[in-house]
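S.K.: Below, each chain spelled out in residue letters.
There are 2 protein chains.
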Amino acid sequence: MKIAILGGDGYCGWATALHLSRKGHSVAIVDSFIRREWDKDLDVATLTPIRSLAERAGVWERLSGNRLEVFEGDVTDYGFLSSVFREFQPEALVHFAEQRSAPYSMIDREHAVFTQANNVLGTLNVLFAIKEFQPECHLVKLGTMGEYGTPNIDIEEGYLTIEHNGRKDVLPYPKQAGSFYHLSKVHDSHNMLFACRIWGLRATDLNQGVVYGTVTDETALDEALINRFDYDEVFGTVLNRFCVQAAVGYPLTVYGKGGQTRGYLDIRDTVRCVELACLNPAAPGECRVFNQFTEQFSVLDLARMVQTAGRKVSLKVEIQHLPDPRVEAEQHYYNARHSKLADLGLQPHLLSESLLDSLVNIAMLYRDRIDESVFLPRVNWRKPANRRQQDEKLMLTAGVVQR
Amino acid sequence: MKIAILGGDGYCGWATALHLSRKGHSVAIVDSFIRREWDKDLDVATLTPIRSLAERAGVWERLSGNRLEVFEGDVTDYGFLSSVFREFQPEALVHFAEQRSAPYSMIDREHAVFTQANNVLGTLNVLFAIKEFQPECHLVKLGTMGEYGTPNIDIEEGYLTIEHNGRKDVLPYPKQAGSFYHLSKVHDSHNMLFACRIWGLRATDLNQGVVYGTVTDETALDEALINRFDYDEVFGTVLNRFCVQAAVGYPLTVYGKGGQTRGYLDIRDTVRCVELACLNPAAPGECRVFNQFTEQFSVLDLARMVQTAGRKVSLKVEIQHLPDPRVEAEQHYYNARHSKLADLGLQPHLLSESLLDSLVNIAMLYRDRIDESVFLPRVNWRKPANRRQQDEKLMLTAGVVQR
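So the sequences go chain by chain: A and F. Its first residue numbered 74, the first sequence is counted upward by one per residue in this note's numbering. Its first residue numbered 74, the second sequence is counted upward by one per residue in this note's numbering.
Same shape as in the complex, but just chain A (with noise of 0.2 Å):
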C-alpha cells in the first residue's frame, strides 16, 4: 500500500514510517522540520542522538532494501501538499503532522493561535487534498484521548448513544479538551466528521492516550535509527521525564495529588495500531473513532513504578508533589472504553516491570545528555502569558511552579 506519512520525522512519526516499510508498504515521509526548530527555540534537545532524517533514511535503505520517499514542507502550504498528492498518489495518509504537546499551547497568546492555526488548517488543508486529487485515499489521523476531557461517566469511542427525553440518537462524544493543544485536535474532528459526511471521505481518529518508549523492532536495528525520546516539561511525555529523572536521583515531579489518570500505551503499540487502521480502512463515508491505549494509570501509579523499579537497580528515587501548573481535576474518575483495535488484533505491551527497568536503563545509558533544567514545570495554565525566562528564575528560587 502507498502511504504517505505527515510528520514523518517526529517521535510516532518516525517508528511508524520505518514499521510500515518494513511490512513492504511503499512509504513517503511529509516533514517540515519544524519540531526540530522547537527543540532549538526552547533551548531542549531529546535525551536520544537522533540523525537527520537523510542519514536516517538512508540507513534504513541500507539496513532493508527499503526507500522511504522524502517530502519536505509544510501541510499547511496546500501548493506544497498538492505536490505530494500529485506525485505519491497516497492510498493512505497517516497524519501526525501537528503541533503535539499541551504546555507549548498554553506558554502564551502566540503559542495558542500557532498552535490552532497550525493544527486546524493544516488538517483543513489534507481534507480538501484528499477530496481533491485522492478521494478514495484513507486518512488516519492522530486525535489525542484529551479530546474527552475526565467526564463522571464511561468515555466511549468517539460516539455516544444517548437517551432523552423519550427519545435516542447516537451522537459525537461531548468534548473537554484540557489545553489549546487538545482542543486543536478537538477542532479536527468536528472538521473531518462533517468532510466524510459530506464528501464521502473515509477516516480513521486515532484517540491516542500518552505514548512511552523509545525502541521499536526496527529503530533497534541501528543507532543511526534511534528514536527521539522527550523529558522536557514541554515535550516530554510523563513517564519518559519520570525515567530520565530517576536516572539522575531527581525527585519525580508529580504535578498536585497524581490522581490525574489517562491511557498509556507502548510505542510499539502506536506503529501497529496505525498499521492496523491502514490495513482495515474505514468505508467511504465514515469517520471512525479508536481509542488508542492500552492500560489506564493515574500519574502516581507511574511514579511509584519508577521508585521500584530504580531501587532494583540501586537508584535512590524520590517522589515530589508540586502544585498542579495545569487546571485539572487532581482526583476524577476515568474509565475508557478501548476494545476496537483490539479487535482488529493489536496484541498489546503491557508495562510490565521488565519494561520499565529497560526504560530506565536507556535513561541511564544517556545519562550525560540529560539537562535537570528542563525537568521543572514553567508553563502555568493559570497566566496567559509564561515568559519563559522570568518564569525559570522565579521557580529555581521559590522551588516550586507558582500558582
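Watch out, some of these pointers could steer you wrong.
Intra- or inter-copy, both count: the list cannot distinguish identical chains.
DSBU-like cross-link-like pairs, simulated, lysine-lysine; straight-line CA separation at most 30 Å [stated by the list, open to error]: (1) Lys75 x Lys413; (2) Lys456 x Lys75; (3) Lys456 x Lys204; (4) Lys96 x Lys413; (5) Lys75 x Lys389; (6) Lys330 x Lys385; (7) Lys330 x Lys241; (8) Lys241 x Lys413; (9) Lys204 x Lys389; (10) Lys413 x Lys113; (11) Lys75 x Lys96; (12) Lys204 x Lys330.
Worth flagging that the hints you see were computed from the coordinates, not collected in a lab.
Given chain A, work out where chain F should sit, using these hints.
M.R.: What follows is chain F alone, placed relative to chain A:
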C-alpha cells in the same frame, strides 16, 4: 455600562449598537468594514441603501445626543484589539466580528480556511485580551443554533445531563454543525468554555437562530440609519430572500423538500436578547449558553406564509423546489429549548401576518435595487471548489443547481 460591539457595522451589530446606545449605555463600535468588501467581491449589495459608518453614526449622534465611539481595525490583529481595551476599557464585549455565512465558507478551500482562521483565531484573541486587560469584562459572543445540527433528540441550551452505564454527568451538548462556518462557531464554543474554566472569565454564548427583518425602533428614526437587508444566496437569510423574491414575482427558492426546520427570530428580538445578556452577566468562570430564537419553522412553512402574505398585496407567488445544494436532512425531528432568555424577560415579536406584510412591503419599496441574478444557489456543498462564474452560467442554462 461601557459596551464594545465587535462587528458593530454589520447587520445584527448595527441594530444592536443603536439599541444599546438609546438605552443609555456607552457604546463603542469596533469594525474592519470587511463585510462591505465581501459584497464587492461577490458582486452583490444589500437591498437597503446603507450609509457609511461615519455618516450614520453622525446622524445618530445628532438625533439621540449619544456618541458612538468608533475603532477601525480587525480583531485578528492583537495589537489593534489591545488598544481598544486600553482606550475603551469595556465592561461588556459583544462579539459579532465573524464571517457569518455558511455558503461563503463552502465556496472553496480558501474561503473555508479564511472563515475558520478569521473566526477561531479572532475569538482566541478576544479571550486573551479580556484575560490580559479586563478580566471582569463579560463576553457576549454570537454563536449559532447551527452548532447543534439536527439530532433526533431535544436540543437543550448548551449542556445536556447524560446518564450512561449507571453514572451521570452534565456535559457540553454534542455538536454536529453543517458547514465550515457553523463548525468555526463550534470551535469557538469549545475554546470559550475552556478559557472560562482556566481563567475564570465570564461568558455568554448566544446560539442564535436565523434572523429576519431590518427595521428596529432606532433604525426607523431616519432613513440614514437604515440597516442591511441581504437577500443573495450567500449572505441573505431565507425569509428575507423569500420576501424579495415575492416582490419581483420570482418563485421562492426552496432547497429540497423544505422540511429543514430551524429556530427564527426578529431582529428586534436580537437586539433585546443581547441587551438582556449584558444586563444579567454570567458569573466569573461561567460559560453559559442561551438558545436565541423565538419560533421554529420549516423552510416550506415560511414559503407558504410568504405566499399568503403576497396574495394580500396582489402578488402572485410561486414556490420552486430546487435540488438541495447543501448536505442536510430535508425532513427531520427538531425541538429546541429556548427558555433562558424568556426567563430574563424577553417578550418576543412573533412572525405574525402583519409583520410579513411589512417585510414584503420593504422589499417592494426597494424593488428597483433587486438583482434577480443573485437568488439561485451557486455554492454546492458536495464540491470542494465552486468556481462562481462557471457555476452561474451552468445554472442559468440548466435552470437548477448541479448536484
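S.K.: It remains to establish, for every hint, whether it holds in the given structure.
M.R.: Against the structure, the hints come out as follows:
{"no.": "1", "hint": "Lys75 x Lys413", "in the structure": "within (24 Å within a copy, 54 Å between copies)"}
{"no.": "2", "hint": "Lys456 x Lys75", "in the structure": "between (45 Å within a copy, 26 Å between copies)"}
{"no.": "3", "hint": "Lys456 x Lys204", "in the structure": "between (40 Å within a copy, 9 Å between copies)"}
{"no.": "4", "hint": "Lys96 x Lys413", "in the structure": "within (22 Å within a copy, 58 Å between copies)"}
{"no.": "5", "hint": "Lys75 x Lys389", "in the structure": "neither (49 Å within a copy, 60 Å between copies)"}
{"no.": "6", "hint": "Lys330 x Lys385", "in the structure": "within (25 Å within a copy, 72 Å between copies)"}
{"no.": "7", "hint": "Lys330 x Lys241", "in the structure": "between (39 Å within a copy, 24 Å between copies)"}
{"no.": "8", "hint": "Lys241 x Lys413", "in the structure": "both (23 Å within a copy, 24 Å between copies)"}
{"no.": "9", "hint": "Lys204 x Lys389", "in the structure": "neither (56 Å within a copy, 43 Å between copies)"}
{"no.": "10", "hint": "Lys413 x Lys113", "in the structure": "neither (39 Å within a copy, 51 Å between copies)"}
{"no.": "11", "hint": "Lys75 x Lys96", "in the structure": "within (12 Å within a copy, 65 Å between copies)"}
{"no.": "12", "hint": "Lys204 x Lys330", "in the structure": "between (47 Å within a copy, 27 Å between copies)"}
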